[in-house]
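Asks: Next come the chains, spelled out residue by residue.
There are 6 protein chains.
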Amino acid sequence: MRGFFIGRFQPYHLGHHEVIKNIINEVDELIIGIGSAQESHSFENPFTAGERVLMISMALNELDIKKRVYIIPLEDIKRNSLWVAHVREMVPPFDVVYSNNPLVKRLFKEAGMEVKGTHMYNRVEYQGTEIRRKMINGDDWKRYVPKAVAEVIEAIDGINRIREIIGKDV
Amino acid sequence: MRGFFIGRFQPYHLGHHEVIKNIINEVDELIIGIGSAQESHSFENPFTAGERVLMISMALNELDIKKRVYIIPLEDIKRNSLWVAHVREMVPPFDVVYSNNPLVKRLFKEAGMEVKGTHMYNRVEYQGTEIRRKMINGDDWKRYVPKAVAEVIEAIDGINRIREIIGKDV
Amino acid sequence: MRGFFIGRFQPYHLGHHEVIKNIINEVDELIIGIGSAQESHSFENPFTAGERVLMISMALNELDIKKRVYIIPLEDIKRNSLWVAHVREMVPPFDVVYSNNPLVKRLFKEAGMEVKGTHMYNRVEYQGTEIRRKMINGDDWKRYVPKAVAEVIEAIDGINRIREIIGKDV
Amino acid sequence: MRGFFIGRFQPYHLGHHEVIKNIINEVDELIIGIGSAQESHSFENPFTAGERVLMISMALNELDIKKRVYIIPLEDIKRNSLWVAHVREMVPPFDVVYSNNPLVKRLFKEAGMEVKGTHMYNRVEYQGTEIRRKMINGDDWKRYVPKAVAEVIEAIDGINRIREIIGKDV
Amino acid sequence: MRGFFIGRFQPYHLGHHEVIKNIINEVDELIIGIGSAQESHSFENPFTAGERVLMISMALNELDIKKRVYIIPLEDIKRNSLWVAHVREMVPPFDVVYSNNPLVKRLFKEAGMEVKGTHMYNRVEYQGTEIRRKMINGDDWKRYVPKAVAEVIEAIDGINRIREIIGKDV
Amino acid sequence: MRGFFIGRFQPYHLGHHEVIKNIINEVDELIIGIGSAQESHSFENPFTAGERVLMISMALNELDIKKRVYIIPLEDIKRNSLWVAHVREMVPPFDVVYSNNPLVKRLFKEAGMEVKGTHMYNRVEYQGTEIRRKMINGDDWKRYVPKAVAEVIEAIDGINRIREIIGKDV
Numbered sequence: 006m007r008g009f010f011i012g013r014f015q016p017y018h019l020g021h022h023e024v025i026k027n028i029i030n031e032v033d034e035l036i037i038g039i040g041s042a043q044e045s046h047s048f049e050n051p052f053t054a055g056e057r058v059l060m061i062s063m064a065l066n067e068l069d070i071k072k073r074v075y076i077i078p079l080e081d082i083k084r085n086s087l088w089v090a091h092v093r094e095m096v097p098p099f100d101v102v103y104s105n106n107p108l109v110k111r112l113f114k115e116a117g118m119e120v121k122g123t124h125m126y127n128r129v130e131y132q133g134t135e136i137r138r139k140m141i142n143g144d145d146w147k148r149y150v151p152k153a154v155a156e157v158i159e160a161i162d163g164i165n166r167i168r169e170i171i172g173k174d175v
Numbered sequence: 006m007r008g009f010f011i012g013r014f015q016p017y018h019l020g021h022h023e024v025i026k027n028i029i030n031e032v033d034e035l036i037i038g039i040g041s042a043q044e045s046h047s048f049e050n051p052f053t054a055g056e057r058v059l060m061i062s063m064a065l066n067e068l069d070i071k072k073r074v075y076i077i078p079l080e081d082i083k084r085n086s087l088w089v090a091h092v093r094e095m096v097p098p099f100d101v102v103y104s105n106n107p108l109v110k111r112l113f114k115e116a117g118m119e120v121k122g123t124h125m126y127n128r129v130e131y132q133g134t135e136i137r138r139k140m141i142n143g144d145d146w147k148r149y150v151p152k153a154v155a156e157v158i159e160a161i162d163g164i165n166r167i168r169e170i171i172g173k174d175v
Numbered sequence: 006m007r008g009f010f011i012g013r014f015q016p017y018h019l020g021h022h023e024v025i026k027n028i029i030n031e032v033d034e035l036i037i038g039i040g041s042a043q044e045s046h047s048f049e050n051p052f053t054a055g056e057r058v059l060m061i062s063m064a065l066n067e068l069d070i071k072k073r074v075y076i077i078p079l080e081d082i083k084r085n086s087l088w089v090a091h092v093r094e095m096v097p098p099f100d101v102v103y104s105n106n107p108l109v110k111r112l113f114k115e116a117g118m119e120v121k122g123t124h125m126y127n128r129v130e131y132q133g134t135e136i137r138r139k140m141i142n143g144d145d146w147k148r149y150v151p152k153a154v155a156e157v158i159e160a161i162d163g164i165n166r167i168r169e170i171i172g173k174d175v
Numbered sequence: 006m007r008g009f010f011i012g013r014f015q016p017y018h019l020g021h022h023e024v025i026k027n028i029i030n031e032v033d034e035l036i037i038g039i040g041s042a043q044e045s046h047s048f049e050n051p052f053t054a055g056e057r058v059l060m061i062s063m064a065l066n067e068l069d070i071k072k073r074v075y076i077i078p079l080e081d082i083k084r085n086s087l088w089v090a091h092v093r094e095m096v097p098p099f100d101v102v103y104s105n106n107p108l109v110k111r112l113f114k115e116a117g118m119e120v121k122g123t124h125m126y127n128r129v130e131y132q133g134t135e136i137r138r139k140m141i142n143g144d145d146w147k148r149y150v151p152k153a154v155a156e157v158i159e160a161i162d163g164i165n166r167i168r169e170i171i172g173k174d175v
Numbered sequence: 006m007r008g009f010f011i012g013r014f015q016p017y018h019l020g021h022h023e024v025i026k027n028i029i030n031e032v033d034e035l036i037i038g039i040g041s042a043q044e045s046h047s048f049e050n051p052f053t054a055g056e057r058v059l060m061i062s063m064a065l066n067e068l069d070i071k072k073r074v075y076i077i078p079l080e081d082i083k084r085n086s087l088w089v090a091h092v093r094e095m096v097p098p099f100d101v102v103y104s105n106n107p108l109v110k111r112l113f114k115e116a117g118m119e120v121k122g123t124h125m126y127n128r129v130e131y132q133g134t135e136i137r138r139k140m141i142n143g144d145d146w147k148r149y150v151p152k153a154v155a156e157v158i159e160a161i162d163g164i165n166r167i168r169e170i171i172g173k174d175v
Numbered sequence: 006m007r008g009f010f011i012g013r014f015q016p017y018h019l020g021h022h023e024v025i026k027n028i029i030n031e032v033d034e035l036i037i038g039i040g041s042a043q044e045s046h047s048f049e050n051p052f053t054a055g056e057r058v059l060m061i062s063m064a065l066n067e068l069d070i071k072k073r074v075y076i077i078p079l080e081d082i083k084r085n086s087l088w089v090a091h092v093r094e095m096v097p098p099f100d101v102v103y104s105n106n107p108l109v110k111r112l113f114k115e116a117g118m119e120v121k122g123t124h125m126y127n128r129v130e131y132q133g134t135e136i137r138r139k140m141i142n143g144d145d146w147k148r149y150v151p152k153a154v155a156e157v158i159e160a161i162d163g164i165n166r167i168r169e170i171i172g173k174d175v
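Protein chains in written order, with my numbering: chain A, 6 to 175; chain B, 6 to 175; chain C, 6 to 175; chain D, 6 to 175; chain E, 6 to 175; chain F, 6 to 175.
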């Protein structure tokens, strides 16, 4: 059984990590879709799809997962009625969708697919918006992401990027 | 050192397989870009990006590669001057491009990147066009693709698809 | 003389119905353009273009209009300077535009066309936003739409859709 | 039961007319999709979507059909895997597809829909390409289209348009 | 040495004019990019790219600049990672970018280009938003733009346009 | 009176140069539109829009024209019915179109604009396709373009580009 999980992963954090650890036990193979793949260099979406592929790949490496994982960037299609067909075109066939996003759930259900919720892990602290805010303010953001993700962000000069694009003096 | 190799993989065949076996020895990690990802259900591009991800992933499994391989679908951007930036946005950072395609080589060279040619493996027989023609004509196409690819194509009813879309009675 | 009237019709309600009853007396044929045709499954635009075609068609049936009415979905072009040309390309030739939308009026006037205002019918109650809010809150929304429209919305499970996409427990 | 039939209708001719006369007997309501709606002013697609809506609407008027017919322009989506979802978004729900186009048939079949072939009516003479060629050469094209269609084409100066865009002296 | 300066110029005002007077002394040739070229007829972007080309060209005429100036409309690409490649494709090669926009500066810096800030000229008064508001309210907006720009705006009926599109009675 | 002239200018050659010399005498100001601006790095369209802006600008410099000339890149819109609106949006208002292209002429005529033909200058030799072929074959291409254009092409390594993208050994 192949499962599908989608997020924007700006950045990939420990909340995502916990969710994926749980899902991986329920499936034979897992597809991780990276949403809004064409977005980058904004406060909402500072990192490119390629950088996010790298973050997730490095972080999963730490988990030493024995099952196959596909990490696929997905450009926005901006037409809700076509979105499920777009996802299905870009990733290998899958049997079940894991999501807590109301729109994602509804769209897959209208397409006749099985949808399961995910157990959120400390949703207050593990939130992309909150972590990006800490990056800008110089707070400790590293404790919210896997170690490998912090290394990727530093290697690409990510903190300076996010500060500069919002016009904050570095 | 991370390398980048791109193809349409319609389908992924033994010619691609040999090229990748060679490249993998020269790099630490390999990114395989799937070009024209948005195309499918035509003679030129019968298989979806997701199906091609599956073919490549299954075929590489047979090789038991110890190095990390990223398989990334790339939608066409249809503007040559933006194409390199588009690839770089969608895949992890890379150091060298492997390609024999004249346009790909020129575009990456104008962007200041290192480009290496690949050793083509029996180019007459191992060609997507030729293999698709055999699929339509009922000739033996399986000997030109890795075993795992043939299994994927059969599982998705690929031969009937390619015959029907060109209007050939099944 | 052929007239053109445009709206998003999310949903088609009795306010639209009254306007169209008035316009129909002034023209020989009427074109009804369905704006933002590519949008659906959001609070602003819950229904697909096809569903809106159906609503309008069924509702007009109740009126027993003897004149020809064309119902045409219009995808957004997102470039104001091209919008009039886009509308003219997609619908039969017309002589007069009926609208109260300031931008629509200005764009058609700059293109040299005749534009007439419409008599709004109880604008406070007959508003798409307000009716969608009632759908979500479980208030009586049916009294604001033609009977045939309520039937379409129920047949497509429209109330559950609008509630789920905004994350409201059903 | 609602049926769906699609064509480019460049122009709508007596071959289409015969097919629709047959289909209309089998369905309760008919949706006619106008493909490549965004194309016009070329030899392949001389007429705008709006002009084609007009042709079909006027021609059907001659038939005095008692059943509801929806005439819907459909812009190309240029991604085969999304095309069925695009059609379904833009037109009312339907139960059966009528087509002889191999790609259309395969795409709807992969989506799990019922597809029926149509009885072609003298396919040699009733072909858009052939009729457009006659328009250019000054041959008698009017005998191949319904009378109402000929009137529309003359009202929009269609013969001069098709001659001029291919650079033929008028 | 060729410099590049970009703005939306809605409208081109004396603040822009002062900046350009300064830059022109530092470069051999100047490229002025008109951003969001595809936007018009909105409060944010009332004027078309062509109208903005005209404003800038007429205003520069007053300065009697001896150096070559290129005025190039640039449509939005809506993908930050591709934007620098898009600009470079559309304008002649340049050596230095003049900008105070944080995102523009970061994007060009990541592409390895030299970026210089500009000296803002009375930023409180010389702001597009503020000037457009004055146009709507009937305040004296002409003192904030070069004389030639005021003439262009009047020739194209610009004040009525901006008032009408926001629904303000003229 | 302002005139509009459009071409792809791949490259700008002496045939274009002669046409423009003639037009410039008939108008007060001239707009030169660069068509297919988004195309580059192909045999049909080897040079970017920016490079073509540079070629034309440098070549006109040789003519010492006293009238204002606007050089504006125009991306393809790929919808003929919208193309005139697109051109009008991107360039300053104009009174007359100069063209020998049948489609361009028809589209502007349908929009109610005045269209004039141009006197072709030795059409056999002065043709983009022919000049590009000479570039590839190592024939003398420089005699067909203004001296300034040859300098631009050499400065951007244009001959190697066109040879490499078609896969010709340099």
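Keep in mind that the hints were calculated from the coordinates and are not lab data. All of these numbers come straight from a predicted model, not from anything done at the bench. Hints may be right or wrong, so weigh each one.
What the hints assert, rightly or not - Pair ranges (Cβ atoms, derived):
| # | chain 1 | residue 1 | chain 2 | residue 2 | range |
| --- | --- | --- | --- | --- | --- |
| 1 | D | I171 | C | S47 | 40 to 46 Å |
| 2 | E | Q132 | C | D162 | 48 to 54 Å |
| 3 | B | K83 | D | I171 | 21 to 27 Å |
| 4 | B | K71 | C | S47 | 43 to 49 Å |
| 5 | F | D100 | E | N66 | 18 to 24 Å |
| 6 | A | E156 | C | E156 | 56 to 62 Å |
| 7 | D | D81 | A | L68 | 50 to 56 Å |
| 8 | A | N27 | E | K121 | 50 to 56 Å |
| 9 | E | N66 | F | N27 | 39 to 45 Å |
| 10 | C | G117 | D | K26 | 39 to 45 Å |
Claimed, not checked - Over the 12 Å line for every Cβ pair with chain A, so calculated as not near, a few chain D residues:
| # | residue |
| --- | --- |
| 11 | S86 |
| 12 | W88 |
| 13 | A90 |
| 14 | R93 |
| 15 | A116 |
| 16 | N165 |
Glycine residues also receive a C-beta, built at the ideal position from the N, C-alpha and C atoms.
Asks: Grab the minimum beta-carbon distance between N165/D and chain A and tell me whether it stays above 12 Å.
Replies: 38 Å, holds
Asks: Per the hint of 48 to 54 Å, is the separation of the Cβ atoms of Q132/E and D162/C within bounds?
Replies: For Q132/E and D162/C the Cβ distance comes to about 49 Å; the hint holds.
Asks: Okay, I171/D versus S47/C on CB: inside 40 to 46 Å?
Replies: Cβ of I171/D to Cβ of S47/C: about 44 Å, so the range 40 to 46 Å holds.
Asks: Does the hinted range 50 to 56 Å hold for D81/D and L68/A at CB?
Replies: Distance hint for D81/D, L68/A is violated at roughly 44 Å.
Asks: Could you see if the CB distance from D100/F to N66/E stays within 18 to 24 Å?
Replies: About 20 Å separates the Cβ atoms of D100/F and N66/E, which means 18 to 24 Å holds.
Asks: If you check the beta carbons of N27/A and K121/E, does the distance land in 50 to 56 Å?
Replies: Hint holds: Cβ distance 51 Å, inside 50 to 56 Å.
Asks: May I ask you to test the hint 21 to 27 Å on the CB atoms belonging to K83/B and I171/D?
Replies: Check passed, 26 Å falls within 21 to 27 Å.
Asks: Could you say whether the range 39 to 45 Å given as a hint is met by the Cβ separation of G117/C and K26/D?
Replies: With Cβ atoms ~41 Å apart, the hint holds.
Asks: Verify that the Cβ of R93/D lies farther than 12 Å from every Cβ atom of chain A, and report whether the claim holds or is violated.
Replies: 7 Å, violated
Asks: Would you check whether the claim that W88/D is not at the interface survives, using Cβ distances to chain A and the 12 Å cut-off?
Replies: The claim breaks: W88/D does not keep its Cβ more than 12 Å from every Cβ of chain A (closest is about 9 Å).
Asks: Can you tell me whether the CB distance of N66/E to N27/F sits inside 39 to 45 Å?
Replies: 25 Å, violated
Asks: Taking the closest pair, is the beta carbon of S86/D still more than 12 Å from chain A?
Replies: Answer for S86/D: violated, closest chain A Cβ roughly 4 Å.
The structure does not agree with the numbered hints 7, 9, 11, 12, 13, 14, 15 stated previously, though it agrees with the rest.
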